[in-house]
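**Q** Note that the protein sequences, when read in sequence, are chains A and E.
Following our numbering, the numbering of the first sequence begins with 2 at its first residue and continues without gaps.
Following our numbering, the numbering of the second sequence begins with 106 at its first residue and continues without gaps.
The set of hints was computed from the structure by calculation and includes no laboratory data.
Keep in mind that a hint or two might mislead.
[What the hints assert, rightly or not] Calculated lysine to any residue pairs in the SDA-like style (CA-CA distance at most 20 Å, straight line): (1) A:K323 with E:R209; (2) A:K132 with A:S54; (3) A:K264 with E:L202; (4) E:K204 with A:T245; (5) E:K204 with A:P250; (6) A:K248 with E:K204; (7) A:K132 with E:I352; (8) A:K323 with E:K379; (9) A:K312 with A:H159; (10) A:K18 with A:H74; (11) A:K89 with A:K117; (12) E:K379 with E:E364; (13) A:K248 with E:L202; (14) A:K323 with E:E213; (15) A:K18 with A:S54; (16) A:K157 with A:P250; (17) A:K312 with E:A265; (18) A:K323 with E:L187.
[As the list claims (entries may be wrong)] Calculated Cβ distances over 12 Å to all of chain A for the following chain E residues: (19) A154; (20) P161; (21) E212.
Glycine residues also receive a C-beta, built at the ideal position from the N, C-alpha and C atoms.
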Amino acid sequence: MAKTNSAAEGYVLPFEKPIMHLQRQIAELEASQVQAGRDYSSEIRQLRSQFVSLLKKTYQNLSAWETVQVARHPARPLASDYIETMAKNFVELHGDRRYADDKAIRCGLARVGTEKVVLVAQQKGRDTREKIACNFGCAHPEGYRKALRAMRLGEKFHLPIVCLIDTQGAYPGIGSEERGVAEAIAVNLMEMSRLRTPIVCVVIGEGGSGGALGIGVGDRIAMLEYAFYSVISPEGCAAILWRTGEKAPEAAQAMKMTARDLKALDVIDDIVPEPLGGAHRNPAESAHNLERHIVRTLRELKRIDPEAILKHRYERWRRMGKVIRVEGSPSADQA
Amino acid sequence: MTEMQSEPSSPYGSKAFEGPVFRKKRDVPDGLWMRCAGCEGMLYRKAVAENLMVCPECQCHFRMGAAERISQLTDPDTFEELFTDIAPADPLEFHWLGKSYADRLREEQAKTGNIEAIKTGVGFIKGRRVALGVMDGEFLMGSMGSVLGEKLSLLTEEAASQNLPLIVVCMSGGARMHEGALSLMQMAKTSAALARFDDAGGLYISVLADPTTGGTTASFAMLGDIIIAEPGALIGFAGQRVIANTIKAELPDGFQRAEFLLEHGFIDMIVHRKDLRSELARLIDYCGE
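Based on the provided sequences and hints, a complete structural model is requested.
**A** This is the structure we're talking about:
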């Protein structure tokens with residue numbers, strides 16, 4: 002795993018520059034230690050501890066916009082990386098039996114830990130060829146229909162469903178509209194709310210609007226620590242309300258789209274911790290954390306009777322949102 | 106959500122709508138006269154109102170508020186509004202450019218006299234009792250926030266418990282940004298409520314008026330047992346400018362209009378506003394009690 006290409010590995014986020022500077026210093030000292038045959042070990046030790054504490058400090062205090070940048074980091078593990086590490090014996094299923102096989106959403110049967118599951122995962126693509134093949138993770142209606150077909154298999158054969166969410170959103174194109182992307186997402190929302198098998202969803206990177214929610218209805222919704230989940234991209238929100246996409250950092254902050262914010266708003270149930278300095282620094286550890294979360298949650302859900310699962314799922318989604326109750330409202334008059 | 110601008114970097118932008126019907130050609134004083142967005146003719150406003158807000162010349166269907174729609178659809182003095190005590194909160198304490206969502210809500214409430222972008226209740230259509238939800242495109246562009254999701258879910262549950270047909274008139278720019286992910290989740294909430302209603306055998310008819318876009322389309326608007334659209338209504342998921350920017354090409358004529366959706370198999374019928382009451386009554390007689 003960790004098939005991060007070298008270009009992506011060399012990619013430095015603006016706020017990570019001081020961290021990378023320290024890292025370079027350490028590497029240089031190590032190199033000159035070997036070359037000059039001198040002992041810099043105490044200096045190196047000191048720099049290393051500085052490096053770790055700076056990394057910790059930076060990642061504990063990420064702004065919403067910095068979190069978005071981490072979630073979109075080119076070296077961040079993608080669904081395919083998690084499938085490779087975490088899902089044993091993955092049998093991929095193709096096509097929606099209606100129109101096409103949308104590679105933006107991969108579906109299949111797999112074993113995660115000891116659990117047999119149906120896996121539904123949005124795939125953005127790593128290199129240019131794969132990105133084009135899976136349309137940068139922006140699914141067409143056939144992707145959502147394929148996902149539902151796979152999930153129905155889960156219901157039929159009593160396999161729980163695991164959804165990994167990572168998309169900017171459903172694809173905004175002519176074909177997508179002609180083939181009813183809105184209908185495809187709507188049907189998934191309705192059907193996922195009543196599928197008679199446990200559903201666990203995890204946002205692993207970008208949770209982009211309806212395109213993310215289209216495979217995001219379930220019993221437990223989690224986010225990786227530095228993922229984000231939003232009704233509209235920060236750039237889109239900024240373009241409308243601030244009248245310039247450049248105000249995306251402000252929009253990201255205002256919309257409360259980080260895992261911590263959404264846990265506080267009861268939109269999500271769990272936060273899956275990422276390795277120190279983000280999933281891109283240690284994809285293996287991130288996969289391990291994700292696997293542990295999925296296995297633990299599935300075991301919890303397996304203990305609950307299927308009728309109760311459906312009831313709890315309904316109640317969970319029915320509670321979504323914040324309203325206030327007022328007395329004698331102005332709209333109480335007759336229309 | 107006032108003006109649509111697309112974002113340059115991402116193919117995925119806002120799903121707010123940019124329909125042409127409300128083009129602000131204020132070259133005539135407000136009040137007596139209005140210009141038709143369809144045929145560009147000058148129309149006597151009162152004549153348009155008497156014609157169900159439809160252009161007497163070209164039959165262009167204009168947008169209208171929820172109260173007006175309810176009085177058009179229901180038998181006189183039969184509509185009993187429900188869930189009027191549910192009002193919007195500002196859960197994110199959202200503010201931008203010195204403005205706040207809380208203030209914006211108060212402005213919209215003062216401007217429209219409504220507390221939110223939907224009215225819900227029970228009433229009669231040609232003597233048939235129905236649960237009716239009508240979105241109000243005049244309130245923050247009919248955007249879907251927590252109140253809309255809550256009232257629609259309550260209405261759906263009410264329809265189930267009273268064994269009534271459920272009719273929802275959609276008119277919306279999509280999910281409301283000011284409530285962030287909470288707005289997005291209303292899509293799932295309303296769909297879950299409709300799933301239960303479906304399991305209980307309830308009849309749900311959605312009526313799509315101009316415009317129905319974004320998260321509204323991708324949830325309850327497209328889940329009707331029967332889906333009716335008004336002529337010429339803009340109905341889609343992504344905004345037209347976002348699509349045009351993504352594909353770097355002009356959109357075909359009539360793209361995302363009711364007639365386009367009918368041709369592609371996503372709605373059951375297009376019904377002229379003057380026939381809507383009788384068509385609804387006929388469908389209820391077939392599928393209802």
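**Q** Checking one constraint from the list: CA of K157 (chain A) to CA of P250 (chain A), max 20 Å. Satisfied?
**A** violated (45 Å)
**Q** Given the hinted pair K132 (chain A) and I352 (chain E), is their Cα-Cα distance within 20 Å?
**A** The hint holds at about 16 Å.
**Q** Could you grab the alpha-carbon distance between K312 (chain A) and A265 (chain E) and see if it respects the 20 Å cut-off?
**A** Holds. K312 (chain A) to A265 (chain E) sits at ~16 Å (cutoff 20 Å).
**Q** Between K18 (chain A) and S54 (chain A), does the CA-CA distance stay at or below 20 Å?
**A** Between K18 (chain A) and S54 (chain A) the Cα gap is close to 15 Å, so the pair holds against 20 Å.
**Q** Taking only the CA atoms, is the gap from K204 (chain E) to P250 (chain A) under or equal to 20 Å?
**A** Given pair K204 (chain E), P250 (chain A) holds - Cα atoms ~17 Å apart, limit 20 Å.
**Q** Is K18 (chain A) close enough to H74 (chain A), meaning Cα to Cα at most 20 Å?
**A** Holds - the C-alpha atoms of H74 (chain A) and K18 (chain A) are around 14 Å apart, at most 20 Å.
**Q** Is the straight-line distance between the alpha-carbon of K248 (chain A) and that of K204 (chain E) 20 Å or less?
**A** Holds. K248 (chain A) to K204 (chain E) sits at ~15 Å (cutoff 20 Å).
**Q** Would you assess whether E212 (chain E), listed as outside the interface, keeps its beta-carbon beyond 12 Å of every beta-carbon in chain A?
**A** holds (14 Å)
**Q** Assess, step by step, whether the Cα of K323 (chain A) is no farther than 20 Å from the Cα of E213 (chain E), and give holds or violated.
**A** holds (19 Å)
**Q** Checking one constraint from the list: CA of K204 (chain E) to CA of T245 (chain A), max 20 Å. Satisfied?
**A** Holds - the C-alpha atoms of T245 (chain A) and K204 (chain E) are around 16 Å apart, at most 20 Å.
**Q** Given the hinted pair K323 (chain A) and K379 (chain E), is their alpha-carbon gap at most 20 Å?
**A** This hinted pair is violated, its Cα atoms lying about 38 Å apart.
**Q** Please verify whether K323 (chain A) and R209 (chain E) have alpha carbons no more than 20 Å apart.
**A** holds (17 Å)
Going through the hint list in order, the structure does not satisfy hints 2, 3, 8 and 16.
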